[in-house]
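**Student:** Chains as they are written, first to last, in this note's numbering: chain W, 1 to 318; chain R, 1 to 318; chain A, 1 to 318; chain U, 1 to 318; chain E, 1 to 318.
Since the hints were derived computationally from the structure, they do not count as laboratory data. Honestly, I wouldn't trust all of these hints.
No distinction is drawn between identical chains; accordingly, a pair holds when it is met within one copy or between any pair of copies.
Within a straight-line C-alpha distance of at most 27 Å, the following computed DSS-like cross-link-like pairs (lysine-lysine) qualify [stated by the list, open to error]: (1) K17 - K251; (2) K42 - K201; (3) K17 - K128; (4) K8 - K201; (5) K2 - K208; (6) K208 - K131; (7) K8 - K102; (8) K251 - K102; (9) K17 - K212; (10) K2 - K131; (11) K128 - K42; (12) K8 - K98; (13) K288 - K2; (14) K212 - K201; (15) K131 - K212.
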Amino acid sequence: MKTLLRWKGSTYRLIWKEFLIYMVVYLTISLIYDFVLDDDSKKGFEDIAAYCSTYTSALPIILLLGFFTSTSMQRWFSLVTSMPGTSKVIANFVMSIKENQKEGHQIVHQYARWVLLGWALTFRLICKPLKRVFPDLLSLENAGLLQSHERLQLEICPASNQPLVVLQWKLTLLKFCNRNGIFMDISDYGRNQDLLMSFKKSCGDTIKFAAKNIPFALIQAVTITVYSFGLASLMARQLTDKHTPTSFIIKYFPVLNTFQYFLYYLWLKFGRLAAYPFGDDENDIDIKRLFQAHIEGAVRWLSLYSSPGSTEQLVSMS
Amino acid sequence: MKTLLRWKGSTYRLIWKEFLIYMVVYLTISLIYDFVLDDDSKKGFEDIAAYCSTYTSALPIILLLGFFTSTSMQRWFSLVTSMPGTSKVIANFVMSIKENQKEGHQIVHQYARWVLLGWALTFRLICKPLKRVFPDLLSLENAGLLQSHERLQLEICPASNQPLVVLQWKLTLLKFCNRNGIFMDISDYGRNQDLLMSFKKSCGDTIKFAAKNIPFALIQAVTITVYSFGLASLMARQLTDKHTPTSFIIKYFPVLNTFQYFLYYLWLKFGRLAAYPFGDDENDIDIKRLFQAHIEGAVRWLSLYSSPGSTEQLVSMS
Amino acid sequence: MKTLLRWKGSTYRLIWKEFLIYMVVYLTISLIYDFVLDDDSKKGFEDIAAYCSTYTSALPIILLLGFFTSTSMQRWFSLVTSMPGTSKVIANFVMSIKENQKEGHQIVHQYARWVLLGWALTFRLICKPLKRVFPDLLSLENAGLLQSHERLQLEICPASNQPLVVLQWKLTLLKFCNRNGIFMDISDYGRNQDLLMSFKKSCGDTIKFAAKNIPFALIQAVTITVYSFGLASLMARQLTDKHTPTSFIIKYFPVLNTFQYFLYYLWLKFGRLAAYPFGDDENDIDIKRLFQAHIEGAVRWLSLYSSPGSTEQLVSMS
Amino acid sequence: MKTLLRWKGSTYRLIWKEFLIYMVVYLTISLIYDFVLDDDSKKGFEDIAAYCSTYTSALPIILLLGFFTSTSMQRWFSLVTSMPGTSKVIANFVMSIKENQKEGHQIVHQYARWVLLGWALTFRLICKPLKRVFPDLLSLENAGLLQSHERLQLEICPASNQPLVVLQWKLTLLKFCNRNGIFMDISDYGRNQDLLMSFKKSCGDTIKFAAKNIPFALIQAVTITVYSFGLASLMARQLTDKHTPTSFIIKYFPVLNTFQYFLYYLWLKFGRLAAYPFGDDENDIDIKRLFQAHIEGAVRWLSLYSSPGSTEQLVSMS
Amino acid sequence: MKTLLRWKGSTYRLIWKEFLIYMVVYLTISLIYDFVLDDDSKKGFEDIAAYCSTYTSALPIILLLGFFTSTSMQRWFSLVTSMPGTSKVIANFVMSIKENQKEGHQIVHQYARWVLLGWALTFRLICKPLKRVFPDLLSLENAGLLQSHERLQLEICPASNQPLVVLQWKLTLLKFCNRNGIFMDISDYGRNQDLLMSFKKSCGDTIKFAAKNIPFALIQAVTITVYSFGLASLMARQLTDKHTPTSFIIKYFPVLNTFQYFLYYLWLKFGRLAAYPFGDDENDIDIKRLFQAHIEGAVRWLSLYSSPGSTEQLVSMS
């Protein structure tokens, strides 16, 4: 029961505007039929209404939407669990650097910054809200994610290659650490490479998700179908001269028409949502907040580098 | 045959209340029609009943429910096999600590406690029954999962970050163990990191499952559809003046209407169950009992640290 | 064509009993209508038959079964490929133990026995046929899988924890081997832990498959639907007074009714099979034979421990 | 357009025989009706034809086939990508053996032969065409895959255990190599074990695919349904006395009936294909050619063992 | 709303040609009926039109297309995320070669070239546009991917084996590096083998995707069904003598027929696209551009080999 009445994030909130418009148009048509048209026009109107009824019942919209929406939902679920995360890459790097190195703090900090930078450059390509936050590389520099000499290097690349350039920097840093022997163990060199490469693969899959998803033309076709159903259902009604309760209900409370149309409209909405989940919509993935969480996480993992005191304290106090 | 008659966990038990209400309302309407209404009202009643019949047959509910429920069930199955477990993390840590270390018991115990704490903090975020058991951090402290100085550190974080703070402690402890050379082998340092990170990923996926699941508005839309079908099916009947057996059955034993409605109602119930499986319902996952099992498991794996005697006994006796 | 005529494991064999009963009842009803009922009763009968016809055509059983059966089949396929195997755990352990150790044979044998024991204790929980073979721990002891002092330790645990206790023994044995330096390489210690943990995860998933599968109430609902369809289809027929070939066929050769009902019945059967595949049914997974194969496998892998002669022979002879 | 006209591997080629038979029978029935039957018989014929029409429209075959075929296709796709390959096992072994060993060539050759033997013994169990090529162990010996003293050892086992015996030999060979120190690195011992075990798992999954697939009775049920639809559609037609173009078309060009039937027939064919893909059919997986490719591959990887000259040449020439 | 009006990559662009043809034919038929045919012919025309109407409504095309398209889309998505990439193989090799080796640059360059060559040889087998760019081995040599003495070796193999030959070269190169001790660590030898083998598996899966996909005959069958629906829908109309608005609309604005046909046509198009995604179509995967990106990537990773200066600069400047 509570499910039916909740307003926040609800069906009602999603459709109330469209619902009002739909009702106004429907009732206007009904009033025109009752009070404006003469008998001949009524005849023609009834014919067209009958044709629209045929139309609405002949389109197998529910099957179309069922296959469309369940396909895009499955894809969306797989995206949600495979989005690139920065925690593992950063934490493992921090854990694998020897303590008390001369440039340790600097290296660790730079690596974390580059991982975040790679994440941001990737999602700028596909997520409009993040693109608005970071419209150019200068904004990333102002946010402290990029240094000016790095920016110069990035600016000569097309945007789609920038994450790869940053990856190259990170790999170079790994080589540097290995050459100078500041990894705890030789195997850390390979392990960090693997993690970076998984991170790259995740980023690449996310871009592919946005670029090679359900074809736009298919989404458009389904959208046209649902909207044309909506238009036809505004006219679709079985009219008779007799003034029975049913005819009154049909004319002024189009329960069935409204219900069907908004059910289809909602399914369509969720299918499209799943096909492009990086927008501004309430149900979309909030990339901006997510990025904030990744930054906070990076700060947390960086603090792992030099907190020997607190651990011993934790252990000894327990 | 046994399948049909079982009561425990059965369909009957799930719906008997709704069934009684439905039958009472249906029969009341039938009685009103037969004994209260005059002929004119009967005419209007019959019209509305016919309209409701159209309504119930026009809504393609079964397809809607089919796609909805099979999508959420698939998601539920994938959740069930990917829920975070504590055994692997704890047992591997215990097995990788050198025996006869000064603080060995203390370290091992603390690590196991923190893993359980991370699990509990994660599921508190998404599972209401567990949230009721541990309404605040103090209750976790009373349960022995948290120490008071740790609680102070956690209290300054928002609830959603607390599992990450505990993860940070665990990573710090791994560093401590590595620095003091109490791992059996250098590779144990990396292996335990990997296990912790998988544990974190599992916890994160579970939270995502609860947060970024089938959109609420879609569940609401399906729910409204099924309930509106139920309401319409209370009125939907083909009435005739003739007193044939069929008309009697239709009026007083609404087999078909009832059957359809409760079939849809059940499917809806399972779809919603799969969409939020952490509640109090009989078919939900019992997180409280699961947590108890994880605690028992932790005690078991802890006993691995110092039982050389019993093994040799086992081996020698065989 | 051969597909149509095969008897073994065939459709015919699955349904011939139900088919006979169905036909007898159907024909009896037809005979009663033709030779027992008077004209008034015939009228009533025809009304009820018409109602039943509506009923059978209105229930969207095929969609219900389609979604139900394909969901449970997918789940079943994933079970089949993820069932726990003992070969990998045992063979890897045997291969990783140094040869010519004092207690080598004993250790290797004990480990293999415990792996088999863990497997048996797991499947006893979910598979009734295996439970009948090993009704209690004593029967396992008699089968040579358990020693009496081990049985005493297991008996104080609830059945669901017994596989975990055995896992603890195995982990303790790994520690013992590591401490006494009888692994070929230090990495074998970790590798065997990982394999044991995968084995545990597989066992746990199998138990989850049996315990948290498609909810019983849903299976029951689908079953009720199919059986009620069957009952209605016994009555459902369009009767006319005219003695045309069609009416004769409909009355005495209910091809369509029978066909539909048994098609649905079969789908239901397979859906239920997939939902609980550990029973006695011909199409179920034969856990008893599988366990026998695992025992034979264990003997085979154990022989790997001490057969240096035969290999050199094999190599030199080739 | 080209899609419509291609003959090779086409729909037309698959069904032209059945199509001819169908047409001849259909037209014969039409001719009998027009020129043989008298008016009374025509009446009866029309009744039966009408009943068959009901029958063909009442069977929800398309849904049945949709669920059946998409389930078996998904299973087939997962099989195709998970079939056991020999390249990885052989190449890794060859790469991990020290060069210039006394028995090096012999060992490497024997290992490769045994991997191929394991593959062949596995697919002999499930693939009839390969079984015809290798009807017994002697034929494998003649093909050079088996030596006579090995054959004696295999012959005392049931066929289903033979791949396991060969696996045991391979594991013994790994132990031999490890004992005699001819692996490049100690880790190669474990890595080759893991690869062998993955190979075994792949083989086992393939056997499970063939043995525990979609139950035969279900395939039979679907087959019966489609064929019975075909029979009914031969009779199903709406006949009237009037000689309109429509009635002429219906009688002598059964476009709709034919179309529906062969569409269903084709879907059935593909569903059955996916359920047993190891046969002789044109669309089946050609196991014999695949085995040939594996043998060629093995020869290629074996050449990796001793070709130091050519590499240095390659490198220096570049 | 924007979704409805976009032209680029839109539905309209995909179908406008077919749409014009369809409309012209439909209107021509309508005009012939109105102005050419006499009353008798009109009668026959109406009969055929009615038969076509039956035909279009009886074919369950939407279900057929739903199952077909969702199956091929799922397959397509899995292809997109599993296509072989060269970055990981090349970058890991470059990172694992000791710096300041005599032939270091040459080896690293050769390895990268061979990886790209393997990729190109694989996709030449399945992708016609790439085949047109590289019609023979000479064109690959001209592109700098192949050296002339290598080409001679490849030319004696069938095209399907060429990627394996190149793999053999790469493995030989790994052995060479291992023998001469220019890997940073012994484990790099195995790690690079594993990566090469994953690369090979990816390439093999892609070939399998193209070769063992949805059977051609099935695609053909679905295509025939949709086109025959289109033909029938050109004739299908309910004609009456009365000149009502409905009959006018039906005759000259075939909204419903057109809509249904082009909806099916589009679904078919996407299903076929997903079944063979390596063509020239706008929605296909652009293999040529992808190959260009892989070449650019290879250059980038090669620069990792010898850029110690820039890193130190990066680190020191930060």
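**Student:** It remains to establish, for every hint, whether it holds in the given structure.
**Tutor:** The hints, checked one at a time:
{"no.": "1", "hint": "K17 - K251", "in the structure": "within (21 Å within a copy, 36 Å between copies)"}
{"no.": "2", "hint": "K42 - K201", "in the structure": "neither (64 Å within a copy, 65 Å between copies)"}
{"no.": "3", "hint": "K17 - K128", "in the structure": "within (25 Å within a copy, 34 Å between copies)"}
{"no.": "4", "hint": "K8 - K201", "in the structure": "neither (37 Å within a copy, 29 Å between copies)"}
{"no.": "5", "hint": "K2 - K208", "in the structure": "between (39 Å within a copy, 23 Å between copies)"}
{"no.": "6", "hint": "K208 - K131", "in the structure": "both (18 Å within a copy, 24 Å between copies)"}
{"no.": "7", "hint": "K8 - K102", "in the structure": "neither (54 Å within a copy, 56 Å between copies)"}
{"no.": "8", "hint": "K251 - K102", "in the structure": "neither (82 Å within a copy, 85 Å between copies)"}
{"no.": "9", "hint": "K17 - K212", "in the structure": "between (32 Å within a copy, 25 Å between copies)"}
{"no.": "10", "hint": "K2 - K131", "in the structure": "between (38 Å within a copy, 20 Å between copies)"}
{"no.": "11", "hint": "K128 - K42", "in the structure": "neither (50 Å within a copy, 59 Å between copies)"}
{"no.": "12", "hint": "K8 - K98", "in the structure": "neither (50 Å within a copy, 54 Å between copies)"}
{"no.": "13", "hint": "K288 - K2", "in the structure": "between (31 Å within a copy, 24 Å between copies)"}
{"no.": "14", "hint": "K212 - K201", "in the structure": "both (15 Å within a copy, 22 Å between copies)"}
{"no.": "15", "hint": "K131 - K212", "in the structure": "both (20 Å within a copy, 23 Å between copies)"}
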